[in-house]
Amino acid sequence: MSAGTADFVASLVKYGLMFAIFINVAPIMNWVERRACAYIQDRPGPNRLGPLGLFQPLADALKFMFKEDVTPALADKPLYLLAPVLALLPAFTTFVVIPFGPDIVVNGRTVPLVVANVATGVLLFLAISSLGVYSLVMAGYASNNKFSLLGAVRASAQLISYELALTLAVLAVLIPVGSFHLGDIVAYQQAHHLWNFIPQFIGFMVFLIASFAETNRLPFDLPEAESELVAGFHTEYGAMRFALFFQAEYTNMAALSALGVTLFFGGWTLPFVHLSGWLGAAVGLATLLAKVGICMAVFVWIRWTFPRFRYDQLMRLGWKVLLPLAILNLIVVAAMTLAGWL
Amino acid sequence: MSVPISWYLLLSAVLFGIGAIGALTRRNGISIFLSIELMLNAGNLTLIAYARQWNDHTGQLIVFFVMAVAAAEAAVGLALFIAVFRQRRTIDVNRLNLLQG
Amino acid sequence: METVIFFLFAALAIGSAIVVVTHRSPIYATLSLVLTLFSMAVLFVLLGAPFVGVLQILVYAGAIVVLFLFVIMLLNVQKEEDAHVDRGVQLWIAILGAVVFLGMFWLAFWRTGLRIGGPAPAPLTEDLVSLKGLATALFTDYLLPFEIVGLLLLVAVIGATVAARRPDSETVRPDDDYVTAEDPSTGPVLPREARS
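In the order they appear, the protein sequences are chains C, F and V. Residue numbering for the first sequence follows the numbering used here, beginning at 17 and increasing consecutively. Residue numbering for the second sequence follows the numbering used here, beginning at 1322 and increasing consecutively. Residue numbering for the third sequence follows the numbering used here, beginning at 798 and increasing consecutively.
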């Protein structure tokens, strides 16, 4: 087996592993979300199906599969059918640049534990996640429905506005490291024994707020707000298609959480742990998943705590508050790096 | 077997030709714009191909600038389309002929 | 392997380019353009320019084409009808023009020899592919164009904002909703001065 083929097979195996993990995000988050929101709202939540309602996601999946599939009469058929599928593509492609462990040695070859070991790392993540706008736009346009179109236009405006602040916050993290590769960023944090959210706190806050807006989660979920726009861009989607949108949203959340955790909280590393080999890989993966889990719990917590932003407040926040803050953060970090403090 | 650079140049020429045909034959202003973007991309491909041939960054850097200029042009052009649409309620270029004759 | 990827994405690029140019609905044309840009990004990566390729997706496919889509949805651009052309003379002129054009190509190749399938380029150097080499060149040799392009983008943003603004004389009516604009194919609305 030549070197190129071996690398390719290794990448496939790694992708299979990450895919298997990320595809379970939606059902697990479904249960977590409903139990957590019930707890916050002082009510039991789903508790009939299995112990603690653990089989609720299974029941939901069955429901989605057997529900009647209605297509609007005047909908633009190809786009209508393509939109949910297209929503999944960025969600299941962005996590390929997240490293989940130290380099391991298999059959004499050093295998870095990241599916796509490319130099463009973070930039690739941002590029592919920016393609998520298209599924929203297609869904809204093809549904032949005023509410869907309005929801789609609002959602895409929100997404591209907050993408800027997100990118600038990420850029500030890259300046001291000098590389786009996420493995280098993790190594930098490990070498300096300091997770990035401490010296770059403003950048971290900008990233956090922008990632809420990027994933259409409360307090920025106006595009799919039930009390405002029926259900926004996915009004006309029922059954399995809605399940695909649902899955795409949660997987996007998980991928963006993984990015945030890698950039600001040390990724797969723990403060004083330096394992290597297969044990190190397993511990690294477990650490990464634990951190992503905590981040997702924060997403859920904030969703059920804050009220929703109005659309003009949302745009004002994105352009007039977060963008200047992100630029300020960039300048400060650049100055600190030049001065040698970072 | 590796791909010789002339194949990339041929592809770029074909894409440029397709874009040119689109820009010359469409009536919809937005479609003309899309064809122009296609032509710009074909030019980018040529630049990157030559950058590869001579192992020189210059081609890639020129592509950066071309992308920035294309973005600026798209923004201004589409803003103009919106302004024209507000006045004339159409962007069919055959009907936007007030300066004719 | 490289050849396979090249042919696959070149075919995809040409196919979606033809759809961009021929499809009657502007939304489908725009989405085809995204496919074209994506395949060209892959070709850029194949040519040892991964950063330019990723930037192509980030900037072109992720921002510029979204802007196109916004404007198409805002202006409610309808499908084009087929043009009513006078077939007779125009067809023959077009054929003559195409023959002359191709004849030019034939002449050019006959003089210098058809050089499809030249030698493969030298192996990629680290300097070409790496970020460091690119960034060093950008911020030292090409610093002036970089700053000028920044200024150009600023000018474009200001210009676009001003050009697309509602004129001050019109008041904003609450039902002035572009989503339900009238069908633009009912004919142009000529401003008063142009009616002669």
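Please keep in mind that the hints were generated in silico from the structure rather than gathered at the bench. By construction, the Cβ of each residue, glycine as well, lies at the ideal position given by its N, Cα and C atoms. Misleading hints may appear alongside valid ones.
Covered by chain V, according to a simulated footprint, are these stretches of chain C (three or more residues, beta-carbon under 8 angstroms) [what the hints assert, rightly or not]:
#, stretch
1, 131-138
2, 169-183
Mimicking DSSO-like on lysine-lysine, the simulated pairs with C-alpha atoms at most 30 angstroms apart in a straight line are [stated by the list, open to error]:
#, chain 1, residue 1, chain 2, residue 2
3, C, K30, V, K929
4, C, K79, C, K93
5, C, K83, C, K93
6, C, K162, C, K30
7, C, K162, C, K79
8, C, K30, C, K93
9, C, K93, V, K876
10, V, K929, C, K162
11, C, K83, C, K30
Exercise for the section: Quick one: which hint numbers does this structure break? Sort them smallest to largest. Expected result: 6, 8, 10, 11
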